[in-house]
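Visitor: Sequence:
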Amino acid sequence: MKHIILIITAIVILGSPLRAQETTAADLMAKGLYEENINGDYEKASEYYQKIVDEYSSEKKLAAQATYRLGIAAEKLGRQTAQDYFVDVIEKYPIELELVSKARARINNTEGIKFFIDERDGHQYKYVAIGKYDWMVDNLAYLPSISSLKGEGGTWVYDYDGQNVQEAMLTDNYIKYGVLYSWDQAMQGCPNGWRLPSHSEWQNLENFLGINSPNPNEEGDDFRNYELYKKLIDSDDWRKWHYENITQFSALPGGTRFVSSRTGPIFYGLNSDGSYWTSTEDLQNEVWSRTIAGGIYGHIRNIAGRANSVRCIKDRDDILIDNENPSIDIRVPDPSSIVSKDVYIMTHAKDNLGIEKVEFWAASMDKTSLIGIDKSPNLYHKTTYEMLWNTVHYPDGEYSLKVVAIDYAGNQKDTTYRVTIKNQGYGGNTDGSFIDPRDGNKYKYVNIKEQVWMAENLNYVLAPGSGSWCYNNLDINCNNYGRLYNRETALYACPDGWKLPSDQDWMILEKNLGMPEIELDSIYGQRGRSIKITSGMVSESGWHGNNGNNSTGLNIEPAGIMDTDYFMFKDMMTTFWTSTPVGNYRSWIRSLSGGSGGIERTYGLTESYSFSVRCIKD
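In terms of numbering that gives the first Met the number 0, the sequence shown has 81 at position 82, counting the first letter as 1, and numbering is strictly consecutive.
None of these hints come from the bench; they were simulated from the model.
Note that this is a predicted model, so its numbers are computed, not measured.
One or more hints might be untrue.
[What the hints assert, rightly or not] Straight-line C-alpha distance at most 27 Å; calculated BS3-like pairs for lysine-lysine:
#  : residue 1 : residue 2
1  : K131      : K349
2  : K412      : K443
3  : K356      : K366
4  : K75       : K43
5  : K113      : K60
6  : K448      : K340
7  : K401      : K448
8  : K175      : K448
9  : K313      : K349
10 : K75       : K101
11 : K313      : K131
[Unchecked claim] Okay, the calculated beta carbon distance ranges per label pair:
#  : residue 1 : residue 2 : range
12 : D160      : T23       : 41 to 49 Å
13 : D562      : I320      : 49 to 57 Å
14 : D160      : E516      : 55 to 63 Å
15 : G150      : I116      : 28 to 36 Å
16 : D474      : D160      : 53 to 61 Å
17 : E90       : I337      : 48 to 56 Å
18 : T382      : I320      : 19 to 27 Å
19 : K101      : I265      : 35 to 43 Å
20 : K448      : D413      : 29 to 37 Å
21 : E97       : S335      : 53 to 61 Å
22 : I337      : K443      : 50 to 58 Å
23 : D83       : D26       : 22 to 30 Å
24 : F433      : P580      : 25 to 33 Å
Here a beta-carbon is modelled for each residue, glycine too, at the ideal position from N, C-alpha and C.
Hey, can you work out the whole structure from these sequences and the hints?
Guide: What follows is the structure, given as structure tokens:
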């Protein structure tokens, strides 16, 4: 529709009997838009836009639009000058607020973008460095032929029912979304020097964003709402979900093609779903892929006859020749400090090509321990790396505190100084256990500043059939993860001297573990994600590879939940009741999804859900 309007506008203007002296800035803008959007001649369009800037600078609104269009044209032509035009929009036309906002977004999305041309067909692609690899940020569009619509394997353009390559390449779906490939075609589709990424190479991308991915050969598919999709997509066409695209990956909702037993071959999911092949087969002769749909990002196994989009990767050339070590120093705590309880460690690390991770180590006379790793995304020139060290699990005495910065080429640099742990007399070392006199179950507990929390999920049966369950109704899950309780039962389940924590009790815990004040009252979202607050809270195993270091001793495990009669999310997430109601039918809850994120504070429907219980001492 946009193109039709432009054509009509341009025809009206271009068809008018204008004398040269009557040509206006508006006429030039119409001619530029015609060349840019209809003819695809960005050079010619730029000439018209530049003429507006040079000769009609007093017409601020049109001059601003022309400057912005010059930036867009430069992007399309693969020129580095694109950012200069967007900067000009911001600096020269600050009152054009909408254009300024668009220009800022363009600057963010073009920083670090590079270009190459596929020798096979002359197609130009953008790519960007993410983690250890260069990733194409356009869908592969190599199309030597088109397969029959009813075929099992091959190459297709979404919704195109024909076999004329040139005709297919003129469709909007090809121009915007590229080609859909069956797996066998995807395996041989990437240009020379590029390859189809493996399952583990996709994991590298996910780990770069702070998401520890599951083992490639594990049972079952996995969809995880870690808001990872927001960091990867470049459009709000995805059912209107919010997007950030901070990676510049620019995933596109190009849909998929598959053969349905009921309807035969169909195209599905344009503008809402995007699926990408990996090169990795699983143990059941299916193929791993990545799917983004409706705000969910995850990995799933597909039959090879399905047709998905392709993103190609290559090893970063700059990393292959990088011999420069990073720099690092410890900023907090001070050298020779006496520390106790929870110790905030902050380091400053820099590298010419980016820090992959920073490791934190503590060594005494007889033991060296890895106390944590900060692998948060190296975006926006990140230089600060941090963690919270719970010292109550270490004997009092002198320790060597070492931090190690490791870049993507494997180069590393460390720095060390000494601190002294002294918890006796500071309220530390109060961890222990107690026996529930009602059933003889023994529970560990842990002291976190002024609070004492159970370090295990409650596993008490008030009465048979009284509102608590073992996951999948298997006793072994109760032994491993405790019981899942409905809200009414949870309110009365804790032993004497203990209680179900309130929403405020959880906030005190979260604040004590370093959560920023501004996030405490927030709802939904990953509160405390910036400091990876869950890393020290969750167990060292069991989280589909997304484990923590359990530095707090809370040892939260992925117990899953129950929705009405349906059990789900074991080994992926866990949720806890609070005692604080929200209206008549809801209560505040806390949800955790592994050691690389934050804590979600939201509402739980009291009539539908069953969650875990952690008790806190009265």
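Visitor: For each hint, tell me whether it holds in the structure or not.
Guide: Hint check results:
With a CA separation close to 16 Å, the supplied pair K131 and K349 stays within the 27 Å bound. With a C-alpha separation of about 39 Å, the suggested pair K412 and K443 falls outside the 27 Å cut-off, and the hint is violated. For the hint pairing K356 with K366, the CA-to-CA distance comes to about 23 Å; that is within 27 Å, so the pair holds. Straight-line distance between C-alpha atoms of K75 and K43 comes to about 13 Å, which keeps the hinted pair within the 27 Å bound.
Of the supplied pair hints, the one linking K113 and K60 is violated, its CA atoms being roughly 31 Å apart against a limit of 27 Å. Taken as a hint, the K448 and K340 pair is honoured in the structure, with Cα atoms around 7 Å apart against an allowance of 27 Å. Taken as a hint, the K401 and K448 pair is honoured in the structure, with Cα atoms around 25 Å apart against an allowance of 27 Å. Proposed proximity of K175 and K448 is contradicted: the alpha carbons are some 55 Å apart, above 27 Å.
Under the criterion of a C-alpha separation no larger than 27 Å, the hint pairing K313 with K349 is consistent with the structure, at around 24 Å. Distance restraint check for K75 and K101: the Cα-Cα separation of roughly 16 Å lies within the 27 Å cut-off, and the hinted pair is therefore satisfied. Pair hint K313 plus K131 holds up; C-alpha atoms about 9 Å apart against a cutoff of 27 Å. Taking 41 to 49 Å as the suggested C-beta distance range, the pair D160 and T23 conforms, at roughly 45 Å.
The hinted range of 49 to 57 Å is satisfied by D562 and I320, whose Cβ atoms lie roughly 53 Å apart. Here the CB-CB span from D160 to E516 is close to 58 Å, well matched to the stated 55 to 63 Å. One distance hint, 28 to 36 Å for the beta-carbon pair G150 and I116, holds here, with the actual separation near 30 Å. In this structure the hint that D474 and D160 lie 53 to 61 Å apart at CB holds, the actual value being about 56 Å.
One distance hint, 48 to 56 Å for the beta-carbon pair E90 and I337, holds here, with the actual separation near 51 Å. Restraint check, T382 to I320: a C-beta distance of roughly 23 Å satisfies the suggested window 19 to 27 Å. Distance hint for K101 and I265: a CB-CB separation of about 36 Å, consistent with the stated range 35 to 43 Å. Evaluation of the 29 to 37 Å hint for K448 and D413 yields a pass: the beta carbon distance comes to about 31 Å.
Judged by the Cβ atoms, the range 53 to 61 Å given for E97 and S335 holds: they are separated by roughly 55 Å. Between I337 and K443 the C-beta distance comes to about 28 Å, which lies outside the given range of 50 to 58 Å. Judged by the Cβ atoms, the range 22 to 30 Å given for D83 and D26 holds: they are separated by roughly 26 Å. Here the CB-CB span from F433 to P580 is close to 28 Å, well matched to the stated 25 to 33 Å.
Hints 2, 5, 8 and 22 from the earlier list are contradicted by this structure; the remaining hints agree with it.
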